[in-house]
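Make the full structure from the sequences, and use the hints.
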Amino acid sequence: MIRKILKGSAGVTAIGIVIGLVIAGISAGSYHLAGTPQFCASCHSMETVHGAWLQSEHKQFACIECHLPDSNLASQVTYKAAVGMRDLYYETLRSYPDAIKLTDGGRKIVSENCLRCHFSTVEKTNMASGGASCIQCHRKLVHGQGLAKGGIRVE
Amino acid sequence: MNKKPLIIIGLVVFILAIAFIAVRVFVFSPPSIVKLTPIPDGEYDPAVWGKYYPLEYRSYLKNREMAPSPTGFGGSVKVQKSIAEPSILENFKGMAFSKDYSEDRGHPYAVQDLMETKRVSPKSVGSCMTCKTANLIDIYREKGWGYANMPLFDLFPLLKHPITCANCHEPSTMALRVINPAFIEAMAGRGIDVKKASREEMRSYVCGQCHVEYYFQPETSKVIFPWQKGVKPGEMYAYYAGQPFGFAQDWIHPDSQAKMLKAQHPDFETWSGGVHGKAGVSCADCHMPFMRNNGRKYSSHWVTSPLKNIGSSCRTCHDQSEPWLLERVKTTQNNVWHLQKTAGQWVARAHEVIGKAASVPKTNLAELEKARELVRKAQWFWDIVAAENSMGFHNPDQVLNTLGQSIDLAHQAIETASRAAGTNF
Chain A
0 MIRKILKGSA
10 GVTAIGIVIG
20 LVIAGISAGS
30 YHLAGTPQFC
40 ASCHSMETVH
50 GAWLQSEHKQ
60 FACIECHLPD
70 SNLASQVTYK
80 AAVGMRDLYY
90 ETLRSYPDAI
100 KLTDGGRKIV
110 SENCLRCHFS
120 TVEKTNMASG
130 GASCIQCHRK
140 LVHGQGLAKG
150 GIRVE
Chain B
0 MNKKPLIIIG
10 LVVFILAIAF
20 IAVRVFVFSP
30 PSIVKLTPIP
40 DGEYDPAVWG
50 KYYPLEYRSY
60 LKNREMAPSP
70 TGFGGSVKVQ
80 KSIAEPSILE
90 NFKGMAFSKD
100 YSEDRGHPYA
110 VQDLMETKRV
120 SPKSVGSCMT
130 CKTANLIDIY
140 REKGWGYANM
150 PLFDLFPLLK
160 HPITCANCHE
170 PSTMALRVIN
180 PAFIEAMAGR
190 GIDVKKASRE
200 EMRSYVCGQC
210 HVEYYFQPET
220 SKVIFPWQKG
230 VKPGEMYAYY
240 AGQPFGFAQD
250 WIHPDSQAKM
260 LKAQHPDFET
270 WSGGVHGKAG
280 VSCADCHMPF
290 MRNNGRKYSS
300 HWVTSPLKNI
310 GSSCRTCHDQ
320 SEPWLLERVK
330 TTQNNVWHLQ
340 KTAGQWVARA
350 HEVIGKAASV
360 PKTNLAELEK
370 ARELVRKAQW
380 FWDIVAAENS
390 MGFHNPDQVL
400 NTLGQSIDLA
410 HQAIETASRA
420 AGTNF
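Which chain is which? The protein sequence lines are A and B, in order. Counting from 1, position 102 in the first sequence corresponds to residue 101 in numbering that gives the first Met the number 0; the numbering is continuous, with no gaps. Counting from 1, position 278 in the second sequence corresponds to residue 277 in numbering that gives the first Met the number 0; the numbering is continuous, with no gaps.
Since the hints were made in silico from the structure, they are not lab data. The reader is advised that the hints may include incorrect statements.
Computed far set for chain B versus chain A, every beta-carbon distance over 12 Å [unchecked claim]: (1) Pro29; (2) Glu84; (3) Glu89; (4) Ala196; (5) Pro288; (6) Asp318.
Here are the simulated lysine to aspartate or glutamate pairs, EDC-like style, with alpha carbons at most 20 Å apart [as the list claims (entries may be wrong)]: (7) Lys98/B - Glu115/B; (8) Lys50/B - Glu154/A; (9) Lys100/A - Asp318/B; (10) Lys77/B - Glu115/B.
Per the computed footprint, the stretches of chain A lying under chain B, defined by three or more beta-carbons under 8 Å from a beta-carbon of chain B, are [stated by the list, open to error]: (11) 34-43; (12) 87-93.
Owing to the predicted nature of the structure, the values given are computational and were not obtained by experimental measurement. Note that CB positions come from ideal geometry on N, CA and C, so glycine has one too.
Laid out in structure tokens, this is it:
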């Protein structure tokens with residue numbers, strides 16, 4: 000009976016759909032998982048920035064709400080894949096810099112995401128005329144000094 | 000052709016790569032905690048401590064490096080400062096700093112350089128070694144301040160180690176500590192109990208216990224920091240003007256016959272009023288930045304110019320690029336260097352003019368005495384900047400103000416001496 004179904008072209012299509020759904024489900028699930036702060040913090044290099052974020056006034060927002068571009072899903076996925084590969088490379092080799100800074104592109108993304116909520120604050124000011132970066136002044140807002148409180152723990 | 004083996008090999012490589020990454024990132028991630036290994040009290044050999052704290056020790060060994068600093072000012076190459084600033088020879092005439100005033104090298108050389116400098120002689124007192132060695136702990140424990148008046152040469156055999164781990168670390172807990180009794184007393188005099196200091200404060204106090212202005216008390220040779228009226232150049236000068244414990248001068252300048260003071264590396268005082276100091280940035284934040292080795296975070300113990308590691312030091316807070324930050328520091332230092340050289344030259348000229356005025360018959364002695372006081376003050380304001388280790392960067396606005404006062408005072412000294420002699424020099 001099963002063999003008969005498998006032999007039919009409708010069966011092949013059905014199995015294809017099932018496999019496709021499973022792959023799509025796994026992809027969607029892992030994309031969702033990779034967007035949680037817990038996932039970001041699972042890298043050692045993110046320890047201090049995660050700790051600072053937990054104490055910040057923006058702790059209700061996940062990392063990706065500020066650090067992913069404010070655009071459609073396709074470009075978000077592309078961006079996340081690209082920077083994710085880069086992060087994975089440095090995390091595996093443990094060769095990330097002592098003081099981790101945003102790239103120019105990353106800086107622009109964060110600034111644009113500030114405006115998603117705070118645009119009305121600046122829309123009637125010179126800052127809205129373009130080119131201004133929110134985090135040039137408000138740079139310590141979320142991640143503080145980037146220093147672990149109490150420094151290196153000795154136990 | 001059969002492509003199966005290729006596919007299998009590819010699959011195995013892929014799975015191995017994933018496993019490697021997973022193990023590196025998630026299973027054996029670098030430790031966040033340093034395991035404490037207590038070191039026996041009285042162990043001053045850094046190599047013994049280094050067995051348990053290898054990253055810190057390896058970076059400490061870099062203090063042996065002798066190299067110029069990235070801006071060209073300071074550095075750890077033993078070179079006479081008078082080559083770049085010849086007025087040093089004029090202004091310290093008649094005292095040891097005109098014989099030998101070389102750029103200082105790193106902490107590991109402290110004892111060696113003390114023994115080799117031409118500034119020490121059989122007459123030198125024990126207090127000279129206060130800041131040069133971890134062995135101070137035992138010497139002070141045994142003799143109290145009594146060591147200060149002993150002949151320095153008698154203490155040399157006790158100086159087995161230079162400035163090492165024990166100068167700043169409690170051996171049983173690795174907590175920060177200060178061992179210089181002069182610092183503890185001076186801070187108590189300002190109402191600060193260093194035993195109650197926070198960790199962040201200690202990250203400056205460990206440096207401040209030595210990188211400061213001081214003098215030796217007459218009779219006892221005890222080390223004292225002149226901080227009772229404050230730590231700004233003018234406040235310290237006012238303190239000395241009161242002749243504490245009968246201390247009137249370090250030496251008398253042979254040309255001007257003025258009673259002179261010698262300033263010593265006031266890095267801590269200068270920094271404490273500057274923008275970084277006021278903002279709570281400690282010495283260690285810039286000079287011992289956090290670094291990483293294989294993902295493990297540690298404090299660099301290579302105590303050197305922060306500009307050698309701009310990415311780890313400055314850029315922990317500052318977002319600008321490394322060349323931009325370096326350029327800012329250079330700009331400050333070049334400005335300070337220009338005025339410092341100018342001040343030093345005018346002070347030298349003032350000594351010369353006062354000397355000439357004194358040789359004029361019927362010169363007004365009261366006016367001449369005023370000129371001597373003015374050159375003493377002018378030189379103090381120049382020296383407190385020139386003897387400092389940052390070429391002004393620790394507190395740019397205060398330092399430029401101090402140099403401005405020095406130049407003004409030197410001109411006043413020249414004018415006063417001319418008036419005393421009734422001529423125009």
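Subject >> chain B covers the segment 34-43 of chain A, three or more CB atoms within 8 Å, holds or violated >> reply: Since 3 is at least three, the answer is holds.
Original post:
With d taken as the least Cβ-Cβ distance between Glu84/B and chain A, does d exceed 12 Å?
Top reply: The claim holds: Glu84/B sits with its nearest Cβ about 35 Å from chain A, beyond 12 Å.
**OP:** Determine whether the non-interface label on Pro29/B survives the test: each CB of chain A must be over 12 Å from its CB.
**Re:** violated (5 Å)
Original post:
Against chain A, does Ala196/B keep a CB gap of more than 12 Å to every residue?
Top reply: holds (14 Å)
**OP:** Would you check the hint for Lys98/B and Glu115/B, treating anything up to 20 Å between C-alpha atoms as holding?
**Re:** holds (13 Å)
**OP:** Report holds if the minimum CB distance from Pro288/B to chain A is greater than 12 Å, and violated otherwise.
**Re:** With a cut-off of 12 Å, Pro288/B comes too close to chain A, as the shortest Cβ separation is near 7 Å.
Original post:
Do the alpha carbons of Lys100/A and Asp318/B lie within 20 Å of each other, as the hint requires?
Top reply: holds (7 Å)
Original post:
Has the segment 87-93 of chain A got at least three residues whose CB is nearer than 8 Å to a CB belonging to chain B?
Top reply: Holds, because 4 residues of the segment 87-93 of chain A bring their Cβ atoms closer than 8 Å to Cβ atoms of chain B.
Subject >> Separation of Glu89/B from chain A, once the least beta-carbon distance is taken, above 12 Å >> reply: Given that every Cβ of chain A is farther than 12 Å from that of Glu89/B, nearest at about 45 Å, it holds.
Original post:
Is Lys77/B close enough to Glu115/B, meaning Cα to Cα at most 20 Å?
Top reply: The hint holds at about 12 Å.
Subject >> Status of the stated non-contact between Asp318/B and chain A (beta carbon gap over 12 Å) >> reply: violated (6 Å)
Original post:
Given the hint that Lys50/B pairs with Glu154/A, does the C-alpha gap stay at or below 20 Å?
Top reply: Distance ~17 Å between Lys50/B and Glu154/A Cα, so the pair holds.
Checked against the numbered hints listed earlier, the structure breaks hints 1, 5 and 6; every other hint is satisfied.
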